[in-house]
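J.: The whole structure should be built from the sequences, with the hints applied where relevant.
Heads up: the sequence shown begins at 405 in the numbering used here, then just goes up one per residue.
If a hint is listed, it holds; no wrong ones were tucked in.
Okay, derived cross-link-like pairs now, DSBU-like style, lysine-lysine, Cα gap no bigger than 35 Å in a straight line:
(1) K587 with K604
(2) K517 with K587
(3) K585 with K604
(4) K549 with K587
(5) K549 with K604
(6) K517 with K473
(7) K549 with K585
(8) K604 with K517
(9) K585 with K517
(10) K517 with K549
These aren't lab readings, by the way, just hints derived from the structure by calculation.
Predicted model only: the values in this text are computed from it and were never measured.
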Amino acid sequence: MNTDIYLSLEDRIMASVTRRGRGCVFFGEDFLSLGSPAAVRQALSRLARAETIRRVGMGLYHYPVINEKLGGELPPSMDTVARAIARRTGTRIVATGAQAANLLGLSTQVPAKPIYLTDGSSRSVAIGNYSIVFRHAGPRRMGVKNDISVLVFEALRYIGRANVTDQVAARLRRTLPAEAKAKLRRDLHRASIWMRPIVKRITEQ
405 MNTDIYLSLE DRIMASVTRR GRGCVFFGED FLSLGSPAAV RQALSRLARA ETIRRVGMGL
465 YHYPVINEKL GGELPPSMDT VARAIARRTG TRIVATGAQA ANLLGLSTQV PAKPIYLTDG
525 SSRSVAIGNY SIVFRHAGPR RMGVKNDISV LVFEALRYIG RANVTDQVAA RLRRTLPAEA
585 KAKLRRDLHR ASIWMRPIVK RITEQ
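T.: Here it is as structure tokens:
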């Protein structure tokens, strides 16, 4: 018996949010199967006023992770926010620059303005004190279909040819799963010429 039909719209939305887990980011459009756009907007507003969820941008909400030691809420991951925006717009994105290096564990720097390549339009989205930049890129950089390959290429480009050490290659070889390395091997010909020996070292068995 489906008991969800007896729950309020807020309860049904929160059931869906809870299944996604703390840290998730979402738009009202993600819940249109549960109610009309106006009803969903009102339900999300009530949940935000009750501080069950947090509003972090125009129509964008966050179910925060709680820091058990400090007792406070952690802000949303900018990568999670960027992917929620891409999901809403139906575009593909790949992190570039410092964001790409950070996501791969090659840098501890968390950029205040993460940059993503996109096959959509260029734009900047403000999220609290931060902003996310989406920069349109053509086939030369977005033509590789495997996101992990593009991410590695972008991280190496950011670090720079002169600064990509054996330690960088060894770290990626150690941390990337076998499936990701197999994709990198298939996409080797799409890497810049100077990157190819590095990618070969990363994908060594």
